[in-house]
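Colleague: Using UniProt numbering, the letters of the sequence shown map in sequence onto residues 1 to 712.
Please keep in mind that the hints were generated in silico from the structure rather than gathered at the bench. Bear in mind the structure is a predicted one, so any value in this text is a computation, not a measurement. Wrong hints could be hidden among the right ones.
Unchecked claim - Listed next, the in silico PhoX-like pairs over lysine-lysine satisfying Cα-Cα at most 25 Å (straight line):
1) K173 to K124
2) K72 to K31
3) K589 to K452
4) K124 to K145
5) K158 to K405
6) K452 to K462
7) K599 to K270
8) K7 to K59
9) K101 to K77
10) K589 to K653
11) K653 to K631
12) K145 to K174
13) K101 to K5
14) K6 to K188
15) K157 to K77
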Amino acid sequence: MPLLKKKPFTLLEPPKDLEPNELVYQVRFTKEIFRDYEVYLNRINLYRQRFWTCKVSGKGNLTYEEALVSEKHAAEKVPEIPKELMTPALRTIHFSMLSLKDLADTIAAKLQEHLFVGAELHGKRKKGDLCPCKILKVLEDSTVKTKYEVAWLDRNKKVTETAVVNRDDLIWKKSPFSRNSLKPFIRKSTRQSFPWVLHDKLAEKYRISMDPPQDLKGIVFIQDGAVYNKRKKDAMEVKDSGKLKKKKVEAEEAEATKKEDNHQKEEPIKYPIDDLLVQPETDDPVFTVRPLPSRDFNVPMDGVGDLLMVWDFLSSFSKLLHLWPFSLEDFENAICRKGSNVNLIVETHSSLIRLLKSEKDECFSAVQKRTRALKITLTNWTDYLCDFLEIINIGDLSTHITTIKRGHYGLLDAQVKLGILRELVNQVLETDIAREKLAGYVEERQVLLSMKRGEALEEGRKKREEKEWLKAKSVDNGATNGHGVDSTGNNQPVLSNGNHIGQNGQIAKNKGEAFSTRPNHASNRFRHLEIESKKTGKKKNMGVESQAEKGIDLTKKEASLLLRDEKIAASTWSIKERRRAYFERELEKRILHTNPLGKDRDYNRYWWFKRDGRVFVESSDSKLWGCYCCKEEIDALMGSLNPKGERERALQKQVEKFYSRICLELQKRSKDLATKIALEEAVHRRSTRVRALPRENPANAFLNYVNRWKED
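Could you put together the complete structure from these sequences and hints?
Modeller: Listed below in structure tokens is the structure:
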């Protein structure tokens, strides 16, 4: 059960007097039942807040539903500790005052000392070699040391022979239980921490006493079935004593406000809310009908996800793999091609295997014992691929090793090819080379984001300083010119350069000096204003021109100044746009993984890959895929999203953010498709006496693929 602010949370009991045909509101993931819609909505809002914690993994900042999913996945990863080791492990946990990290290390060290039936470790044979083995039976004897009957295992973990060995001859090469695997086990087995206390049923099952040990008698105590830390309890009592009066006053005020709220009208619903709770209203706009996505894929429907994942990885890390990028359509056609091996598929497998081989990890340690050419070529890449499939030992893929060895890789089904590529990508992601690359991307992204944040702060600082400077200038200008009052006592409008203009268009006499000197950090446009103001004052003192001519010249100069300001502002805005585009471009180059655009009302996920252009739709159960291929479908999709729902509002914002780029890519794709169709029609119109080569057909463009980044 998820924790609310790291404390246990109890679900509500269903109403007692429910009728069979009564209409109620039920929370989907907790099965709680409510009669009042407002109470139900408040409960849903509580579950949507990000202060829930997964009890098993300890992850925080989650919603209630995300915490439930996290607990489910974490529970699957909790190691299965043998029955023989459960009692010593639980006794170590019970009433321990250690931190979670130290407690997990202590349990791992203790469990490593115990050997149990079924444990796989290494043992010394007669020649002194360490060989993998499995304990079959524990032979206990009171006169001599404990001995173990073990079965020696080969590379495929098959039993070759059995023997009886001593405890000193058995060695753990790797600890059977790691710290990270024991942490979920500790959280799952306990109901509180510091001290760690087991669940009552679990302690009763393994006959562990619930009384605190003697060394903790003065530190912990039991009250009303709960175990408390005395020091922590005393500190909490001192802290709470000062807040007792404040709580009473707050409770009285809350009761008074509650009585007042009962007489007031119901408050309107604050959107956005959960999409499934949105009800149609009269003021809603007219939503368009959501178009059905196209499901025209060459690969099977259950392989579309693997196709997109593998292609996106190959495109994102093409430089690391030394693999020239290719389109999704070419990759799909190459996967579905039957018969001979396509160069695109051969280069893809070779680049992945080459990176794994250069890593020199345990994945290809067995290859060193075989006679293999050091360089992966077009003729021997299948040998390395068969070695890889033997090592990972996945049943659905290992059955095709014989077919690949015979040179018939092209005859495999598309789903099998995608499964092999998926496993290769997963192994590449675990290598140190890929992790170092990703770590470098993370650091570079942080530097770019800090630069972007610094420029935004600097821009805001300049705007504030300019605003303060303008405010100071307006005050100084009013004091110098008598607060804008002429000799007759009438207020006159003031120009930006400090001159007064009468209602009849005549210019009043300039009084005093021009603006005081501005700070050095102000922008150039204000410096121009100050210079022009000084020039106007000098010309005025000369008394050569008439007042009307001065008014005309002043108007022209003011217009030129305004035009100059507009040009400066336009250039400044273009610089900002270029900087913003630069940061977005550089961040996209260092992409870590592709995230979906969002989800709709029914939890369908929407994906957009920048190198393809189409918007793909994945069903909530990941069994169905579709795509939108034209601008009209994107417009209809945006018109069908209801911004009152949380998911569809977030999806709408993301589609609007990338709308121009999506439309540009789709238009480019439509032009390329029209060109291909025209070329295909031209090929079909040729005379039947002239046979066109298969590579000339645009549909077979993937056959012309050449890896220009291939390593020598």
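Colleague: Hinted pair, alpha-carbon criterion (25 Å max): K589, K452. Please report holds or violated.
Modeller: Distance of about 16 Å is within 25 Å: holds.
Colleague: Are the Cα positions of K452 and K462 separated by 25 Å at most?
Modeller: It holds: about 16 Å lies between the C-alpha atoms, which stays within 25 Å.
Colleague: Is the Cα-Cα distance between K653 and K631 25 Å or less?
Modeller: This hinted pair holds, its Cα atoms lying about 17 Å apart.
Colleague: Please work out if K599 and K270 have their alpha carbons no farther apart than 25 Å.
Modeller: Holds, at roughly 21 Å.
Colleague: Are K7 and K59 close enough, with their CA atoms no more than 25 Å apart?
Modeller: Holds, at roughly 13 Å.
Colleague: Straight-line Cα separation of K101 and K77 no greater than 25 Å?
Modeller: holds (18 Å)
Colleague: Does K589 pair with K653 here, judged by a C-alpha cut-off of 25 Å?
Modeller: Since the Cα atoms of K589 and K653 sit roughly 23 Å apart, the hinted pair holds (cutoff 25 Å).
Colleague: Is the Cα-Cα distance between K173 and K124 25 Å or less?
Modeller: holds (12 Å)
Colleague: Is K158 close enough to K405, meaning Cα to Cα at most 25 Å?
Modeller: Holds, because 24 Å separates the two Cα atoms, which is no more than 25 Å.
Colleague: Does the alpha-carbon distance linking K145 and K174 stay inside the 25 Å limit?
Modeller: holds (24 Å)
Colleague: For the pair supplied as a hint, K101 and K5, confirm whether the alpha-carbon distance does not exceed 25 Å.
Modeller: Roughly 21 Å between the alpha carbons, so the hint for K101 and K5 holds.
Colleague: Holds or violated: K6 with K188, Cα cutoff 25 Å?
Modeller: holds (14 Å)
Of the numbered hints stated above, none is contradicted by the structure.
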